[in-house]
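Residue numbers (this note's numbering), protein chains in the order written: chain A, 16 to 669; chain B, 24 to 139; chain C, 10 to 75.
Calculated directly from the structure, the hints in this document are not laboratory data. Check each hint, because a few of them may be wrong.
Said to hold, decoys possible - So these bits of chain A aren't anywhere near chain B, every CB distance computed over 10 Å:
#1 Val-36
#2 Ile-72
#3 Asp-129
#4 Asp-142
#5 Lys-154
#6 Gln-228
#7 Arg-308
#8 Ala-313
#9 Gly-326
#10 Glu-339
#11 Met-361
#12 Lys-397
#13 Ala-429
#14 Glu-485
#15 Lys-529
#16 Lys-540
As the list claims (entries may be wrong) - If you anchor each label on the Cβ, the simulated ranges turn out as follows:
#17 Glu-26(C) to Lys-468(A): 37 to 47 Å
#18 Gly-126(B) to Thr-287(A): 15 to 25 Å
#19 Phe-69(C) to Glu-269(A): 43 to 53 Å
#20 Asn-43(B) to Glu-410(A): 16 to 26 Å
#21 Asn-43(B) to Glu-333(A): 41 to 51 Å
#22 Asp-388(A) to Phe-26(B): 38 to 48 Å
Since this is a predicted model, take the numbers as computed values, not measurements. Glycine is no exception: its CB is placed at the ideal position from the N, C-alpha and C atoms.
Here are the chains, one letter per residue:
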Amino acid sequence: MMLQIKALHLENFGPFKGKQVIKFSLEDGVTIIYGENMRGKTSLLNAIRFVFFGKVIGRGTKSMPLHKVGNWEEASAGRHGFMVRLDFDDGGHNYELTRRCVLKNGVSSPSSDDDYGIEHYLKKDGDVLGPQQAQAELKRILPEQISRFFLFDGELLQEYEDLLSNETDMGRRISEAIERILGVPILTSARATLHHLKEKSEHREATAAQGDQKTREFGNQLADLHAQRTELGKEIERLEGDLDKARSQKASLEEAMKKKERVAALLEKRDTIDKLLKQIELKRIAKEAEVQRAMSNAWCTLLSEPVRAVGKSLRERESELQTELMRADVLKSLQVNAGAPCPACMQEVSLEAQERLQASLHCLSGTERAKKDVELSNLRRKIAALQQYEDSGHEGVLKILWDGLEEILIDYSAKRSERDEIDKQLENVDEEALRKTKFDFESVIRQIDVIEKGIAKTRAALDENNADTEAIQKRLNKLSTGTVDSERKRRQLFSELHSLFKEAVGAYREQLRKRVEADASTHFKALTTEPEYAGLQINGSYGLTILHRDGSLIPVRSAGAEHVVALCLMGALQNNAPLRGPIVIDSPFGRLDRNHTRNIVRALPTMTKQVVLLVYDDELPPDLARSELKGKLRGEWMLERVSARHTNLASLKA
Amino acid sequence: MNFDKKTIGIAASNASILANIASTGRFASELDAAKFAMAYAIKGGATFGSFDSVDTKWNVGSFDPDGSMRALLEALFPDAAEPYRLAESLMNEGIRRIGETLGHNGDFYEAIFSST
Amino acid sequence: MTANEESQFQALLETVERLRSERFSSLDAALVKEILWVHSNNAAEPADLSRGVEMAVDRFLNVEGE
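Work out the full structure, taking the sequences as your base and the hints as a guide.
This is how it looks when you write it as structure tokens:
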């Protein structure tokens, strides 16, 4: 007996305007619903999710707000809200599950989920069940955690990839969900109960020992140790709870950081550039000061040539004047010392010569002489003044300094543009949030470390406590009194039972994994087109890897291969679980080639009794489906477009 | 009696040009820039110009603390009776010329070095 | 219990029984089966489970004692 859906009633759900219904055959086989993209295939899957769990999924795995689910055309006509009803059989009973989303009183223009109320009820064999009973039934019929194995959305493959790694929070949750449907909780629950009763019986034994004088001391010690053990146990439980929370926080922060990796890289680059800009700025300031120092004397440098030219002519004039004055002196002395020999050659100067000299030489008068003296002294002063300007540096040096400064400025400008470019890219980014995420991530890692250390320490204390308890227990065992003996017997029984179930958990898990692996491999060999593949190998978290016939594992898979492997897992779980139900698949063949598609279509009816496929024509041509399924094709439906926001369900088969 | 100027000033039309030159960061002060402009004018062959209205900027004590500039000007321009007046006019002429070249050329370095 | 749940129970019992006979043969098979059966009720609270098992064990011990 298993869950079988009979009919899905929709009212204004997504593109399904008005009241529409799709009926499913009760005979084993496949129902195919054809529809182009955006016609409402995913909405059908969501309708089933909504009716069971009150949730609708949007892009990716995000929950979609319910106030956006109702039919848009109806909403623009002022009619808000929607309803889904699922008729199904389970365990020999028939059920009607209805869930309705209605506008709250007084609201006419809804804008959020708060404007709506949800009504739901479950009818079993015609009778409406009370809310608690209904909840219990639904939980039993289709627990949300494992609904992913029945409502299979080909687009959400990431979930299955998570199974390959137990490290991710999601991977752990999924493998827990799998174990839940495979019955492992029954054993783990028994283990937990027996553990609790074992401790309880130990406590009873200690109390009994306290009651008898012979055994009182041991009884007291045991009672103390038990009390301590209880406290340590509570502490570990608390710490493990904290660790769990911290780990899932870490997982979601990792997720957030991954998304923001590019942004983080940009921020880091920007910080680097900022540092560089500061350095360049310092260089600029220093260089500029150098240039300024040089430029304050540059005016001299500019003038050095003219100054040299003037200096040259001044010196020439100086030389002229000097000669003139010297000659005048010579003549004067000749005049004064008439008749005396020439002071230069010491020869006598004849009268004729004297007369000739007088005629040609200009005799400087006293005033004239004085003027020339002044002129000479002025000249010399000017020459001295010019001296300091004659060697005032070289323009070439200035050019080098200027070029140096120019280079620095260009460098700065280039880095500045780079930074502006980054700023543009970071325009809408919330840097604060990003830094906070990073900070939170680092602190949660530290937190995890602290908690893990705490757990280790507490476990060590617990081990010590157990050792001490055992030692005292041994000594108590040697003493015999009536009540203590019977309590001891009881305690020993619980202890053994606990050990048995503890081992059984491991053994059963191992068995299950092997069975799931074997079933999944069988399915896989029927579905794959690659002859060199030998089957599938399972890991600790029910992740499956393709096994080559030479024994090696094929680690990486295409999205298409992922589909195939996930389907095999679903088939294997259905084989081994007490929960059997319909598989509803949205776009199963989207990424597969014709051969794989053919194989899967043929194999689906063997995996479970009721299959519903949501496909588009190219994905699964109707001819192919009919020829492969033959008698197993129980129904064909079409999602017909009436308008962009209105789809009708139409049956193709009478 | 010395009729030479006791203060050096900048013509109103030159004030913004001088400020621009100083703001390039290449000169430590407007005074440095002004001296440079004066030398620029001299090198460019200017002799005397005429700028009637100037706004006083510096007194000659700050302009030529040791008198060496005066001596230089006297040496270069022996006919100038008032070296500081000459300095002032050459300076303003230099600023004007630099402003003109900057207007055409834009690049300060090119303007002052390539044309000399 | 549904048929599927029944077959799952059988599978669990097989595993536990095999272990019991191999390594915990001093434990009574019927008692072990009863404990397993108590826990196959998904809707039970932990307190109910404890009580159920305790009762089963005490009943067994009393019978043994007689």
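Hints, one by one, checked against the model:
For Val-36(A), the shortest C-beta to C-beta distance to chain B comes to about 80 Å, beyond the 10 Å cut-off, and the non-interface label holds. Every CB of chain B lies more than 10 Å from the CB of Ile-72(A), the least distance being 62 Å, so the non-interface label holds. Listed as a non-interface residue, Asp-129(A) keeps its Cβ farther than 10 Å from every Cβ of chain B; the least gap is roughly 61 Å. Its beta-carbon lying about 92 Å from the closest one in chain B, Asp-142(A) satisfies the requirement of being farther than 10 Å from that chain.
With a cut of 10 Å on Cβ distances, Lys-154(A) stays outside the contact zone with chain B, its closest approach being about 78 Å. At roughly 101 Å from the closest C-beta of chain B, the C-beta of Gln-228(A) stays outside 10 Å, upholding its exclusion from the interface. The non-interface label for Arg-308(A) is inconsistent with chain B: the shortest C-beta to C-beta separation is roughly 7 Å, within 10 Å. The Cβ of Ala-313(A) sits about 5 Å from the closest Cβ of chain B, inside the 10 Å cut-off, so the non-interface label is violated.
The beta carbon of Gly-326(A) is not kept farther than 10 Å from every beta carbon of chain B, the shortest such distance being approximately 8 Å. The Cβ of Glu-339(A) sits about 19 Å from the closest Cβ of chain B, beyond the 10 Å cut-off, so the non-interface label holds. Interface exclusion of Met-361(A) from chain B stands, the closest Cβ pair being 42 Å apart, more than 10 Å. Not every beta carbon of chain B lies more than 10 Å from that of Lys-397(A), the smallest distance being close to 4 Å; the non-interface claim is violated.
The non-interface label for Ala-429(A) is consistent with chain B: the shortest C-beta to C-beta separation is roughly 19 Å, beyond 10 Å. At roughly 85 Å from the closest C-beta of chain B, the C-beta of Glu-485(A) stays outside 10 Å, upholding its exclusion from the interface. The Cβ of Lys-529(A) sits about 80 Å from the closest Cβ of chain B, beyond the 10 Å cut-off, so the non-interface label holds. With a minimum CB-CB distance of about 79 Å to chain B, Lys-540(A) clears the 10 Å threshold, and the non-interface call stands.
Distance hint check: the CB atoms of Glu-26(C) and Lys-468(A) are about 42 Å apart, consistent with the given range 37 to 47 Å. About 40 Å separates the C-beta atoms of Gly-126(B) and Thr-287(A), a value inconsistent with the hinted range of 15 to 25 Å. At roughly 51 Å, the beta carbons of Phe-69(C) and Glu-269(A) sit within the given window of 43 to 53 Å. Between Asn-43(B) and Glu-410(A) the Cβ separation comes to about 22 Å, which falls inside the hinted range of 16 to 26 Å.
At about 43 Å, the CB distance of Asn-43(B) to Glu-333(A) agrees with the hint of 41 to 51 Å. Restraint check, Asp-388(A) to Phe-26(B): a C-beta distance of roughly 27 Å breaks the suggested window 38 to 48 Å.
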